[in-house]
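Student: Residue strings, one per chain:
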Amino acid sequence: DIQMTQSPASLSASLGETVSIECLASEDIYNNLAWYQQKPGKSPQLLIYYASSLQDGVPSRFSGSGSGTQYSLKINSLESEDAATYFCLQDSEYPWTFGGGTKLELK
Amino acid sequence: QVTLKESGPGILQPSQTLSLTCSFSGFSLSTYGMCVGWIRQSSGKGLEWLANIWWNDDKYYNPSLKNRLTISKDTSNNQAFLKITNMDTADTATYYCARSERYTTDSPDYWGQGVMVTVSS
Chain A
1 DIQMTQSPAS
11 LSASLGETVS
21 IECLASEDIY
31 NNLAWYQQKP
41 GKSPQLLIYY
51 ASSLQDGVPS
61 RFSGSGSGTQ
71 YSLKINSLES
81 EDAATYFCLQ
91 DSEYPWTFGG
101 GTKLELK
Chain B
1 QVTLKESGPG
11 ILQPSQTLSL
21 TCSFSGFSLS
31 TYGMCVGWIR
41 QSSGKGLEWL
51 ANIWWNDDKY
61 YNPSLKNRLT
71 ISKDTSNNQA
81 FLKITNMDTA
91 DTATYYCARS
101 ERYTTDSPDY
111 WGQGVMVTVS
121 S
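If you read the protein sequences in the order shown, they are chains A and B. Take the first sequence: its letter number 58 is residue 58 in this note's numbering, and every next letter is one higher. Take the second sequence: its letter number 6 is residue 6 in this note's numbering, and every next letter is one higher.
Incorrect hints may have been included.
SDA-like mimics (lysine to any residue), calculated; alpha carbons at most 20 Å apart, straight line [what the hints assert, rightly or not]:
| no. | chain 1 | residue 1 | chain 2 | residue 2 |
| --- | --- | --- | --- | --- |
| 1 | B | 45 | A | 95 |
| 2 | B | 45 | A | 63 |
| 3 | A | 39 | A | 101 |
| 4 | A | 39 | B | 104 |
It should be emphasised that the hints constitute simulated quantities derived from the structure, not laboratory data. Keep in mind the model is a prediction, meaning the values are calculated, not measured.
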């Protein structure tokens, strides 16, 4: 199985700041990497697919980058609604596997 | 408008079989490239992908659950199903179904609200 190591596990930032979340795959996943946002009691929402493609309706302050085994999600100009848990998912190879999640808190 | 909704028993006893239904609208599982999958989330293990069924009836399972999983679909009624045999307390989780579409996002883009399943004696 491909292991997805996500960091940091938690993050505290202020409104207007820029933050990055990383996912490291145990092998090359050829950009088959998605990022999700999940708020308490809600289902995950797709933000980014194919490592850097922005899902329809997602604000442009979210961006994804990376290749090979290293990927990152960047959130510019943090807004209060961005407080959530973020997950990465590799769907390059079965079984699909998720990162452990990053809980983003707004100060 | 794409929507998915899971339904299930809520609570069951150890060793019983879990049967989940995903009822969806806004797309068809007979359309080329479509997929419905199941993912679960527990406080102990985060998000875990379980199984996918594709428009052409290809099926994929998470080997960590060995032979306990069976995924199926009823294209006419816009439903997908998941059975998990020999349930254990460790299977207590929220179970989601989600749609994927090959050659567009590929990754699950629409998710149901989830159904909480508790395994307890």
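Student: Give a verdict on every hint.
Tutor: Outcome of the hint check:
1. B:45 / A:95: Judged against 20 Å, a Cα distance of about 15 Å means the pair holds.
2. B:45 / A:63: With a Cα-Cα distance of about 27 Å, the restraint between residue 45 of chain B and residue 63 of chain A is violated, given a limit of 20 Å.
3. A:39 / A:101: With a Cα-Cα distance of about 12 Å, the restraint between residue 39 of chain A and residue 101 of chain A holds, given a limit of 20 Å.
4. A:39 / B:104: 25 Å, violated
Checked against the numbered hints given earlier, the structure breaks hints 2, 4 and satisfies all the rest.
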